[in-house]
Amino acid sequence: MRIVDHTQLEELAREGTRSLCPDHTRITVGTASCGSATGGREALAAVREEVATAGLAVDLRETGCIGYCQVEPVLEVLRPGEPRVLFHHADAHRARLIVRALAEGRMPTELALCWIPRNGERPEWALPRYDEVPFYSKQLKIVLRNSGVIDPDSLPEYAARGGYHALWRALTEMTPEEVADEVEKAGLRGRGGAGVPTGRKWRLCRDAPGDEKFVVCNADEGDPGAYMDRAVLEGDPHSVLEGMAIGAYSMGSSQGYIYVRDEYPLAIQKLERAIADARTAGLLGRSVFGSAFSFDVHLARGGGAFVCGEETSLLQSIEGKMGEPNQRPPFPAQRGLWGKPTNVNNVETWANVPEIVSRGSAWYAGIGTPSSKGTKVFSLVGKVQNTGLVEVPMGITLREIVFDIGGGILGGKKFKAVQTGGPSGGCIPDRFLDLPVDYEELNRTGSIMGSGGMIVMDEGTCMVDVARYFLDFLREESCGKCVPCREGIERMLEILERICNGEGREEDLPLLEELATTTKDFSLCGLGGTAPNPVLTTLQYFRDEYDAHIREHRCPAAVCKALVHYSIDYALCDDCGACIKLCPSGAIVGEAKRPTEFIDEKCIKCGACLEVCKPAAIRVQ
Amino acid sequence: MPTLSVDGKKATVPEGATVLEAARSVGQDIPTLCYHPELRPYGACRLCTVEVAQGGRVRLQASCAMPAEAGMEVSTASERVLRGRRMIVELLVARSPNAPVLHELAARLGVPEGRLKPKNELCILCGQCVAVCAEIVGVSAIGFAGRGVTRKVATPFESPSLECLACGACSFVCPTGAIDMERTTLERIKAERSPRYCRYSRLGMIPNALCPNAYECYRCDVDQRMEEVCGTHPAFVASPVRRAAPLEVRGFQLMAGRYYHPRHLWVERQSRYLRIGVDDFARRLVGRVLEVKPTREPGAQVGAGEVLMELRLPNGRTASVLAPLSGQVESINADVMVDPTLVSKAPYTRGWVCAITPSAEATELASLYFREAAIPYLRLVQSEPVTAWVEAEVEKLKHLLAGRAPDLLTERGLPRVTLPEVLSADDWQTMTRTFFGA
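Quick mapping for you: the protein sequence lines, in order, are chains D and B.
Sequential numbering from 16 applies to the first sequence in the numbering used here.
Sequential numbering from 77 applies to the second sequence in the numbering used here.
It should be emphasised that the hints constitute simulated quantities derived from the structure, not laboratory data.
This structure is a prediction, so every number in the text was calculated from the model and none was measured.
For every residue, glycine included, the Cβ atom is placed at its ideal position computed from N, Cα and C.
Treat the hints loosely; a few may be bogus.
[Said to hold, decoys possible] Beta-carbon label-pair distances, calculated as ranges:
1) B:D256 to D:W353: 31 to 39 Å
2) D:P224 to B:E211: 20 to 28 Å
3) B:D411 to D:P224: 55 to 63 Å
The shape of chain D in the complex, shown without the other chains (with noise of 0.2 Å):
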């Protein structure tokens, strides 16, 4: 059915409610990527047997991911009357006894998380409310509001939800210039890294002269660690699709890319059914509601390549070339896919599009600080109690994200610090813990807001194997174009691994900072321009451990193993063997049971006997 008239979206979106709030139980399993992977698949077809068994009328649907990774698979159930009650850790045996306690007549709290409220209903159980979850407690849900909770293959859902009343209103009640001026007015900007505002780029595009305009998705979600985009496309397609219809609509497109990693593919099916499912209902295509404008999505995939996410390579890619950048300007605004002007914006920053025309640009405005505008989504990662996708507002402290959300840092240990913005963000000290998240002031430490990876580090981690790590993937995802990218990561990670081996000299330092600071300065494009930046904080922040390292020959977490030595405490050495047994190489000479002697020439540093040991006598210096 094409709709083309206000009452028919109603109608859809009453049918989605319908499949919301069904007048029989409704059981739903997250299987996007990080449910399936830690058995939401195997979950949901427990779940299926047992109510095949039971005789249940279920209502049975999947959903996108909820945020909390750690505690997937994550399965929701709603019956009616009742508020919707979530369910941790529910793998095929929790999913089975959760469905017998329904058949039972019985909601199985003691397996559950959190309850979450529909109609201001308070129900008996002792269970926390949704907002009583730590880890939710203070997150603000803008572009995740529909993950984990629609059928992401669901139009009626979506629409129940709110989904195209945005467009609807776009193409009915405002001129496309109005579009662009809300959109500005909300204060919002990129949502890929580099934070330029949102309404001032498709202003641009608007204006630039020319026939034929294009609108781009970046869905090259390229960090490692990161994985907001990826929850977005697969828990709610169609809000990237309103989204970019919108921003068409606004600039005067006919034609929208969305570039998505091929890594991705389940987000791709998603993707695939959502522009089949809304070319069907006349939303996207010839005519959108019937109205003059039209607007296709294609899907254009990536190879995965880490700098296809840089603009002016994604559009190279798209056009079939060589992924690599191109000097700016011009700008993808003048001159872009095909030399035509172009709007490229990231998946975050399309999903926040339908909520600010329906909600109104002093609506988000109002949430943020003074120079950002709305939410951000945090993978929130590392050695962290609860690690998932938070969505905050801006302005939120790190050290509320960290150890309020994110539950502190796991097994009791010293934060160190936190990273933000990917492989070429910087790392933050504890002393800036108590700063408001917002582009300028991430800046100010020397990282980035970037895409919004966030990994935790504990005092276990060696900052300057971190600078390593990172410089070492950079080095392998550099185009290779330009020469301060190419040979300056590989330069300066060559001093870093002398420096991990032991063998750093006094006037490496220096060189690393010149290195970093040409790189930064002079390379084509943002790949370069920030992957010095983990070099750069840790030198700031961490110059102590580098002197160490350089100067005394000492690892202080203990992890380059150039530099570390293991030995036996055989005092607290409780004989129970473990170690012996398991020395790849010997090390560990014993009888019986009981260790005797350790080979430091044999050790390899592999760390297994660390780990096995209970009592902790191995010594690790």
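Given the coordinates of chain D, assemble chain B onto it according to the supplied hints.
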């Protein structure tokens, strides 16, 4: 003509010039390695980076690719610039210790020595060879392969290139001598049994010349003369790419290698016959073609100036296509019969209208304008004043449509609207009589 300041000197440069060109125009030298005035800016060596102050912001920008804008204040040798420049040269010297050009630069900039472990690459990946092959010669026999530290210049799949003309332009532009043309590619061509066309023949400069010297060009008189006569590598003079590029006169395009009839038709020599179509000027006048009605069947004779076909246009208007020369109609393009809009959509390609076997080709073709970019110095082809003719036609059009409100033409003289739809029957007849002769 923007005026900007370069190290305190005022530079006024033509629209579209780069900051590098502006700096060099006032005698400020900026070192470059990947820049070549005949090639598109590539911006890879970053050596030409300068500080540009504009609108209260100071940014580092590669001057070779940065368009000069009025009011810019450029510092070509600030401390920040020089420090980075030295570092870049130091990195390059460490990569290619055997390239003399880098040592000269290092000496000039005072680059410290011996801080980085030397590698042994001759190629600095400046990309000039790749660009000259693609943008001047037009064969793209070489390109970049690999990524990052493994990046290198190579032929596709690193197998001997079949496209390479062995013209040697890549070797000519290489600043470090990393491409040894004479010994590699020429050896391979020598080993082939194919007719040994001279490399200048392959470049389209000398028709059908075979090499009598077993490709030992240093023994060849022609080769010795070529560079002398051209003053640069002959590929830049011959530039097959530029010769094949459409010529644009006042916004109207003229394809290369075709004859143009004053009634706005083009004629292109095919193997046995001549192919005919309408030119860019005509298609912009007629707008959309609704129907093509040929007056002659294939096989029939047609005399020069006789009506060959009628074009039915919007608003009941028509236009006639007159035969540019006499001969036998060979065929009518079936594509335009099915989709007449092709005539104005793709006038030079799929939208050709018919083919004619001429009765007296030589004399009649000579009376047409010929659009072939001349190769200077060698004077292989003399260019006819095709440019002047188009200029005159545009003026005629402007004169005919002058004083109408709203303006039917853009400032350059391109129609803004579909003329058959807005002009009265009388006006349209005047138009067709003036420009199409009927």
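Exercise. Failing hints, ascending?
Worked result: 3
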